[in-house]
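Sequences listed follow chains A, B, C and D, in order. Reminder that position 10 of the first sequence reads as 10 in my numbering, one-by-one numbering, no gaps. Each number in my numbering corresponds to the 1-based position in the second sequence with 1000 added. Each number in my numbering corresponds to the 1-based position in the third sequence with 2000 added. Each number in my numbering corresponds to the 1-based position in the fourth sequence with 3000 added.
Just so you know, these hints were derived from the structure itself, not from any lab. The structure presented is a predicted model; accordingly, all values stated were derived computationally and were not measured. There is no bait here: all hints are sound.
From the structure, some residues in chain A lie toward chain D, with a derived Cβ separation under 10 Å:
{"id": "1", "residue": "Asn2"}
{"id": "2", "residue": "Ile87"}
{"id": "3", "residue": "Arg91"}
{"id": "4", "residue": "Ala100"}
Subject to a maximum C-alpha distance of 16 Å in a straight line, what follows is the list of computed EDC-like cross-link-like pairs (lysine to aspartate or glutamate):
{"id": "5", "chain 1": "D", "residue 1": "Lys3002", "chain 2": "D", "residue 2": "Glu3019"}
{"id": "6", "chain 1": "C", "residue 1": "Lys2015", "chain 2": "C", "residue 2": "Glu2042"}
{"id": "7", "chain 1": "C", "residue 1": "Lys2002", "chain 2": "B", "residue 2": "Asp1083"}
{"id": "8", "chain 1": "D", "residue 1": "Lys3002", "chain 2": "D", "residue 2": "Glu3047"}
{"id": "9", "chain 1": "D", "residue 1": "Lys3015", "chain 2": "D", "residue 2": "Glu3043"}
{"id": "10", "chain 1": "C", "residue 1": "Lys2002", "chain 2": "C", "residue 2": "Glu2047"}
{"id": "11", "chain 1": "C", "residue 1": "Lys2002", "chain 2": "C", "residue 2": "Glu2019"}
{"id": "12", "chain 1": "D", "residue 1": "Lys3002", "chain 2": "A", "residue 2": "Asp84"}
{"id": "13", "chain 1": "C", "residue 1": "Lys2002", "chain 2": "C", "residue 2": "Glu2025"}
{"id": "14", "chain 1": "D", "residue 1": "Lys3002", "chain 2": "A", "residue 2": "Asp80"}
{"id": "15", "chain 1": "C", "residue 1": "Lys2002", "chain 2": "C", "residue 2": "Glu2028"}
{"id": "16", "chain 1": "D", "residue 1": "Lys3002", "chain 2": "D", "residue 2": "Asp3026"}
{"id": "17", "chain 1": "C", "residue 1": "Lys2002", "chain 2": "C", "residue 2": "Asp2048"}
{"id": "18", "chain 1": "B", "residue 1": "Lys1028", "chain 2": "B", "residue 2": "Glu1189"}
{"id": "19", "chain 1": "D", "residue 1": "Lys3002", "chain 2": "D", "residue 2": "Asp3048"}
{"id": "20", "chain 1": "D", "residue 1": "Lys3015", "chain 2": "D", "residue 2": "Glu3039"}
{"id": "21", "chain 1": "D", "residue 1": "Lys3002", "chain 2": "A", "residue 2": "Asp83"}
{"id": "22", "chain 1": "A", "residue 1": "Lys28", "chain 2": "A", "residue 2": "Glu189"}
{"id": "23", "chain 1": "C", "residue 1": "Lys2002", "chain 2": "B", "residue 2": "Asp1080"}
{"id": "24", "chain 1": "C", "residue 1": "Lys2002", "chain 2": "B", "residue 2": "Asp1085"}
{"id": "25", "chain 1": "C", "residue 1": "Lys2002", "chain 2": "C", "residue 2": "Glu2029"}
{"id": "26", "chain 1": "C", "residue 1": "Lys2002", "chain 2": "C", "residue 2": "Glu2021"}
{"id": "27", "chain 1": "D", "residue 1": "Lys3015", "chain 2": "A", "residue 2": "Asp102"}
{"id": "28", "chain 1": "C", "residue 1": "Lys2002", "chain 2": "B", "residue 2": "Asp1084"}
{"id": "29", "chain 1": "C", "residue 1": "Lys2015", "chain 2": "C", "residue 2": "Glu2043"}
{"id": "30", "chain 1": "C", "residue 1": "Lys2015", "chain 2": "B", "residue 2": "Asp1102"}
{"id": "31", "chain 1": "C", "residue 1": "Lys2002", "chain 2": "C", "residue 2": "Asp2026"}
{"id": "32", "chain 1": "D", "residue 1": "Lys3002", "chain 2": "D", "residue 2": "Glu3021"}
{"id": "33", "chain 1": "D", "residue 1": "Lys3002", "chain 2": "D", "residue 2": "Glu3025"}
{"id": "34", "chain 1": "A", "residue 1": "Lys28", "chain 2": "A", "residue 2": "Glu58"}
{"id": "35", "chain 1": "D", "residue 1": "Lys3015", "chain 2": "A", "residue 2": "Asp95"}
{"id": "36", "chain 1": "C", "residue 1": "Lys2015", "chain 2": "B", "residue 2": "Asp1095"}
{"id": "37", "chain 1": "D", "residue 1": "Lys3002", "chain 2": "A", "residue 2": "Asp85"}
Which stretches of chain C does chain B cover? Using the computed rule of at least three CB atoms under 8 Å from a CB of chain B, they are:
{"id": "38", "stretch": "2007-2014"}
{"id": "39", "stretch": "2040-2050"}
C-beta atoms are modelled at their ideal positions from N, C-alpha and C, and glycine is treated no differently.
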Amino acid sequence: MNVATEFDSWAAEGRDRGMEERHWHTAKHVLARMPVEAGETVLDLGTGSGYALRALRETRSAGQCYGLDGAPEMLRNARDYTDDDAIGFVRGDFDALPFATDSVDHVFSMEAFYYAQNPIQTLREIRRVLRPGGTFYCAVNYYEENVHSHVWQENISIEMTRWSAPEYRDAFREAGLFVAGQENVPDTETEIPDESAFPTEEWEARAAMVERYRELGTLLTVGVAPS
Amino acid sequence: MNVATEFDSWAAEGRDRGMEERHWHTAKHVLARMPVEAGETVLDLGTGSGYALRALRETRSAGQCYGLDGAPEMLRNARDYTDDDAIGFVRGDFDALPFATDSVDHVFSMEAFYYAQNPIQTLREIRRVLRPGGTFYCAVNYYEENVHSHVWQENISIEMTRWSAPEYRDAFREAGLFVAGQENVPDTETEIPDESAFPTEEWEARAAMVERYRELGTLLTVGVAPS
Amino acid sequence: MKETLLDILCCPLDKAELELEVIREDDEEILEGRLICTECGEEYPIEDGIPNLLPPDMRDEATA
Amino acid sequence: MKETLLDILCCPLDKAELELEVIREDDEEILEGRLICTECGEEYPIEDGIPNLLPPDMRDEATA
Ligand SMILES: Nc1ncnc2c1ncn2[C@@H]1O[C@H](CSCC[C@H](N)C(=O)O)[C@@H](O)[C@H]1O
Ligand SMILES: Nc1ncnc2c1ncn2[C@@H]1O[C@H](CSCC[C@H](N)C(=O)O)[C@@H](O)[C@H]1O
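Taking the hints into account, I'd like the entire structure generated from these sequences.
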């Protein structure tokens, strides 16, 4: 399996914790907007280190939490980092979710959705597992408007879906989800060096880095399952 | 009518434009999150100067837009400020909306909802006029967690509803709306003077003013109409 | 207000459709008129291009 | 993984319920075992407390 091969090596190199740290800059704002009530069931798609579920348990008293991932090393690490009986980790694939219909209150996914082989099928699966009125918080840094992310495809063997913001809205609707909102969540924490430091290894110009982090940030699309 | 008496004098004193200017700091972020597609119908409850509809027409190509208000002077001013055939202003009350069932794609309301005489009835009316999957973006600065707003009641004859964030979520659900999200939208633009300027006429301490604007800001609750 | 915008307006009381009676209009819109509920017969005035659809018991005579 | 957490898991193929066979557990959770689909009979291993519910055609023998 492609995903396991690619992401197991990431996990082995400690990139799971590295992603957690970087993604947290915007993921924490995304999690804070979710209408998770005490005791509700949450599913995290492409859970990586599992940080999102630990946060929702601690800050919102979420109930049963499931972290799904395709890479066994990611899951092993996530399990190690987690000391909470109400959080379970499951190996599975986005396109064939191993959860009962109507069994989940909220689905969260950070920087993972676009790895789905068939993203519309993934959205249909999310709609299926969500109870009526349940929400899908879909956060991505790789998307059409974020031109700075386009090169990422070169460094990874999995084909990534690069939708624009309107394409995300259309796809949600095509899969039968209501679109409740969409926004760019800026990353105000990644440090941007002084003008004199540019060009850096990664950034030609300071303005580009400002645009990437402070303006484009993370694209969040919020879906709601109909009755 | 209470509302007309109270708010007509505000309109006459130019407070409609004053509110527009201050509310815009957070209202623009709220409007930007709304999933308004080109051609969709939007209703603005307690429209004041009508700025929200003008913005949605200009930036999102919204279709037919309706600004409802109880105060005739507000509406007269709003009509004067608006040069757009697709925007209409209507006098009406939050508790008895004069719009057909299933006729509206999105409802917006900024700093107005809590004036409803019967807010649950207003939410039921909003649910009725929204099409399935339509959204209600409800933004308020007067709410329980914003302790700095509590004194506002002293200066106004209309009884205001002071719900907490969880009470907003509960009330939406009681009226049959799904809760898609909730957040505090900070006001990063209201100028906060230097420490040496405090106490000011309005603010004892700088920290309180920072909390009011930069942390608490505007409470946004997003509802979605079920099928 | 443009006539097309009146389409989704309804009686605030029984939510029935309204019938339009134009008193004064220009090239663009209805300026004065009446909206009459096809169900309960209640009349709602349009003045200066703004329909007043307050429930009758909330209508203050001074401004309506 | 706690046994209570297994409740909402289902077969990724036909979404039917799963039956649990425990091989090894401690005071807290299932460590090794099998989840068997009550409909199609497909078996899904639990290893080191983590159920592998990949569709069988995506399961690589090396890690499953
Ligand atoms: N099709 C698929 N099915 C299941 N998991 C997948 C997948 N494609 C990618 N993933 C997983 O998705 C994760 C993306 S990395 C993001 C991890 C985490 N959400 C964070 O914010 O840091 C990886 O752990 C990868 O193994
Ligand atoms: N019950 C009610 N029905 C209709 N309009 C009401 C109302 N209670 C208050 N209002 C209107 O709500 C407005 C609140 S002031 C806010 C105006 C505008 N949304 C802005 O952001 O600046 C006033 O114009 C007032 O007339």
